[in-house]
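Chains as they are written, first to last, in the working numbering: chain H, 1 to 453; chain V, 1 to 453.
If you're looking for bench data, these hints aren't it; they were derived computationally from the structure. Just so you know, not all the hints are guaranteed correct.
What the hints assert, rightly or not - Below, computed lysine-lysine pairings styled on DSSO-like, alpha-carbon distance capped at 30 Å:
1. LYS335/H <-> LYS171/H
2. LYS171/V <-> LYS171/H
3. LYS227/H <-> LYS171/H
4. LYS171/V <-> LYS335/H
5. LYS302/V <-> LYS51/H
6. LYS51/V <-> LYS302/H
7. LYS362/V <-> LYS163/V
8. LYS171/V <-> LYS18/H
9. LYS18/H <-> LYS163/V
10. LYS12/V <-> LYS171/H
11. LYS18/H <-> LYS51/V
12. LYS362/H <-> LYS302/V
13. LYS372/H <-> LYS364/V
14. LYS80/H <-> LYS163/V
15. LYS18/V <-> LYS171/H
16. LYS182/H <-> LYS80/V
17. LYS300/V <-> LYS171/V
18. LYS80/V <-> LYS99/H
19. LYS171/H <-> LYS370/V
20. LYS171/V <-> LYS80/V
21. LYS300/H <-> LYS372/H
22. LYS370/H <-> LYS364/V
23. LYS12/V <-> LYS300/H
24. LYS18/V <-> LYS290/H
25. LYS163/V <-> LYS80/V
26. LYS372/H <-> LYS171/V
27. LYS364/V <-> LYS51/H
28. LYS18/V <-> LYS172/H
2 protein chains.
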Amino acid sequence: MSAPSESQRMEKIVSLCKRRGFIFQSSEIYGGLNGAWDYGPLGVELKRNLKNYWWRVMVHDRDDVVGMDGAILTHPAVLKASGHVEGFSDPMIDCRTCKAHLRADQLVEKKGVKQCPNCGGRDLTDARQFNLMFETHVGASAEESSIAYLRPETAQSIFVQFKNILEVSRKKLPFGIAQIGKAFRNEINPRNFTFRSREFEQMELEYFCRPEQGMGLLEYWKEERLKFYGNIGLGRAKLHVLNVPDAERAFYSKGTYDIEYDFPFGRQELEGVAYRTDYDLSQHQKASGKSLEYFDEETKEKIVPHVVEPSAGVDRTVLAMICEAYAEDQAPNDKGEMESRIVLRLHPRMAPMKCAIFPLLKNKEPLVAKAKEVVALLRPQMTVFYDESGAIGRRYRRQDEIGTPFGVTIDFETLGEKDPTLRDTVTLRERDSMKQERVPIQDLPVILQERIR
Amino acid sequence: MSAPSESQRMEKIVSLCKRRGFIFQSSEIYGGLNGAWDYGPLGVELKRNLKNYWWRVMVHDRDDVVGMDGAILTHPAVLKASGHVEGFSDPMIDCRTCKAHLRADQLVEKKGVKQCPNCGGRDLTDARQFNLMFETHVGASAEESSIAYLRPETAQSIFVQFKNILEVSRKKLPFGIAQIGKAFRNEINPRNFTFRSREFEQMELEYFCRPEQGMGLLEYWKEERLKFYGNIGLGRAKLHVLNVPDAERAFYSKGTYDIEYDFPFGRQELEGVAYRTDYDLSQHQKASGKSLEYFDEETKEKIVPHVVEPSAGVDRTVLAMICEAYAEDQAPNDKGEMESRIVLRLHPRMAPMKCAIFPLLKNKEPLVAKAKEVVALLRPQMTVFYDESGAIGRRYRRQDEIGTPFGVTIDFETLGEKDPTLRDTVTLRERDSMKQERVPIQDLPVILQERIR
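Here chain H stands alone, though its shape is the one from the complex (with noise of 0.2 Å):
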């Protein structure tokens, strides 16, 4: 259990969340499909800025690893290959008293009696297997033979295509395959605001190689993955790395590292690194009958590649960057009183509007259009948020909560109306140390792209 303090903390953050645009509850006002969350404008941004900076770092960058984009419908062949029909449950408990639903780990002991954690009730159903894939009929008949399921990880949709793939990219091993897509898994409690959702985005690599490489891949790729979440801000003292101990692994993988990470409601894993042996590809290349072998031209062996997985989750990063980044402290309002504020730390790489423009007064039309001019300056390179209405103060304390790294603001200095040599230059404001210097107009592009990538 969270003290006190860190569930508060965690209030305020899904209270910001919504307030100012980042998270909402789907199907609001139908009162809310359990489970399932939408972004708004600010969410999407952060969203776009996470994903599209995996893609760089994890495909473009890299010349050993391309892309794919695979359907959320599923052939249910492939998963029963994978595992995924027969295995892929939670045991689920009933509660006689209350009629929740409960995943068996969630019981509470008292007394050495296992009891409803709703209600305190004892009269629970054994534990059965729920099954935590969604199902769904394609097709005009509702025959079995049409069930196709929403693929509960992206991973298999790379192990399917794997020869595909293999083929058109010319590869030699070690290679990576990596999507970023849509995941669903019917949890039976969701819970933790978006950590545990029904519906949800992964980022996911399957990095394929020879046998004798595994292990070493593994330390590679869980090395990455620190460095990785370190670019985007997360606190080292935060994170931390399960060495998964053998009893607790799926029994096809031979070394698994979970990176987790310090959230006000726990430590909890946001990425597994898992090398999976050849479990997957043999699996697959038994149940279809087709060859998923690679021809080692120097070996002159075919051998099927193991793999090592880095699977992270984007709506947990998300989450876990808002909890990193939101702090309060103390910043003087505008007559100079020192007051609490609201302040996302964001890294600028991450942050959905990278830099506010201000003019300082908004009935002054020069000012006004000095701020627009600022803002077509700008756009062609970064978000950026034109702000007119409301003291200046104010103005700023908006831009900290919504983690604005920086704002601009365009005053009489800025027209050269009191110094000929202040002409053309305005005050850059950054959000966390609230320290202004005075640059340049022209400069702006250069200096916030440095800062900001």
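On the provided structure of chain H, position chain V as indicated by the hints.
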């Protein structure tokens, strides 16, 4: 029906898409899942370029549009209010002879009698309405109350979140909310490659306005969207605007344009631009009991905004770009003899790979080292493809086929061995004209950036 040469052309395009890794059949090694497709390494990049360009033009470049990203799983109340549960269906007829499920408008009429287009059978059932929405069950019980639908369009989540987004964005009418995401329709007969599939991606804008602005904005958006298609390389001659007649429009629409494209399989809709009046917001206001009104500060009125919706299909636009780009012409081989080549004349802005980099010989270390320097120079700014294997003409051909607009060859002149004044210059080849020019390596980033943006 399309002419034989057009259907041959389509076959060649489908074949190229598979051979070069643009598009694969989904779950292919298990016999395929009808109506679902996977994008391969090049397809995913082409699709990303399209979606990112749409987002840039429709959201980032504008002051009056914000984005969102809603869940696919949708509360049934949303789709009851929108009319989808009741009316989102196609008339379906079964052929009792071959058991085919047919859309009523696909029957063939011979001598005044309707026949099955598959087997020519005349023993047909009456038409019945077949709802196109995919249904699934959310949560641990399979009761009626737990039904959720996969959204049949992205638009509804925009309407449902209208009030939240209005509040957080503080926008004034007219303003828009944009979304890109997957949608699902259980088509009776998916066909024409990726054109009509069961899982697809949409790019939708809902542009809200005062009632008196609706018809003008319908014209405005039709023109904007036509410009967009020009900017991604679709020729104006193959684009058509259909002013949908009163009788064929949805009853609530006061005007709809279909933007159509001449595919090899016929003229088909790329995008609908529809003036939907206040139908959607009014329906959701009524059904949810929540106010979806806008307070106009100038007129001091509360109104339910009207909306103009440009709704584009990602997959069909990708397909249109590939169809437009596909060409066969003559090019010289390594001996200078003319041979036929396949070339994808994709707009450079959309091409998956922007520049290919070739060392003239792979066994000459200084050439390879210099080529890798060029890769490192260009990679931070664009997608690059390094290829050292095979004769140079063959390498050009491979890039022509995937639409890479530029190729850079590192040769002995680059090393300055013959003529020191040519040291560190390379051959830059343009895909369509096949013209070559000699440029300094250091100028490549700027030259290429200008031509691909």
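Status of the hints after comparison with the structure:
1. LYS335/H <-> LYS171/H: Distance of about 63 Å is beyond 30 Å: violated.
2. LYS171/V <-> LYS171/H: violated (49 Å)
3. LYS227/H <-> LYS171/H: Measuring from Cα to Cα gives roughly 26 Å; hence the hint holds.
4. LYS171/V <-> LYS335/H: holds (28 Å)
5. LYS302/V <-> LYS51/H: At roughly 39 Å apart (the allowed maximum being 30 Å), LYS51/H and LYS302/V break the hint.
6. LYS51/V <-> LYS302/H: violated (39 Å)
7. LYS362/V <-> LYS163/V: Distance ~61 Å between LYS362/V and LYS163/V Cα, so the pair is violated.
8. LYS171/V <-> LYS18/H: Distance ~17 Å between LYS171/V and LYS18/H Cα, so the pair holds.
9. LYS18/H <-> LYS163/V: holds (12 Å)
10. LYS12/V <-> LYS171/H: holds (25 Å)
11. LYS18/H <-> LYS51/V: holds (26 Å)
12. LYS362/H <-> LYS302/V: Satisfied, since the Cα-Cα distance of roughly 26 Å is no more than 30 Å.
13. LYS372/H <-> LYS364/V: Cα-Cα ~54 Å, so violated.
14. LYS80/H <-> LYS163/V: violated (43 Å)
15. LYS18/V <-> LYS171/H: Holds, at roughly 17 Å.
16. LYS182/H <-> LYS80/V: holds (25 Å)
17. LYS300/V <-> LYS171/V: Answer holds: LYS300/V to LYS171/V is near 16 Å, not above 30 Å.
18. LYS80/V <-> LYS99/H: Roughly 28 Å between the alpha carbons, so the hint for LYS80/V and LYS99/H holds.
19. LYS171/H <-> LYS370/V: With Cα atoms ~22 Å apart, LYS171/H and LYS370/V stay inside 30 Å; holds.
20. LYS171/V <-> LYS80/V: Given pair LYS171/V, LYS80/V holds - Cα atoms ~29 Å apart, limit 30 Å.
21. LYS300/H <-> LYS372/H: Violated - the C-alpha atoms of LYS372/H and LYS300/H are around 65 Å apart, more than 30 Å.
22. LYS370/H <-> LYS364/V: violated (56 Å)
23. LYS12/V <-> LYS300/H: Judged against 30 Å, a Cα distance of about 34 Å means the pair is violated.
24. LYS18/V <-> LYS290/H: holds (17 Å)
25. LYS163/V <-> LYS80/V: Given pair LYS163/V, LYS80/V holds - Cα atoms ~19 Å apart, limit 30 Å.
26. LYS372/H <-> LYS171/V: holds (17 Å)
27. LYS364/V <-> LYS51/H: violated (39 Å)
28. LYS18/V <-> LYS172/H: holds (20 Å)
Of the numbered hints given earlier, the model fails hints 1, 2, 5, 6, 7, 13, 14, 21, 22, 23, 27; all others are met.
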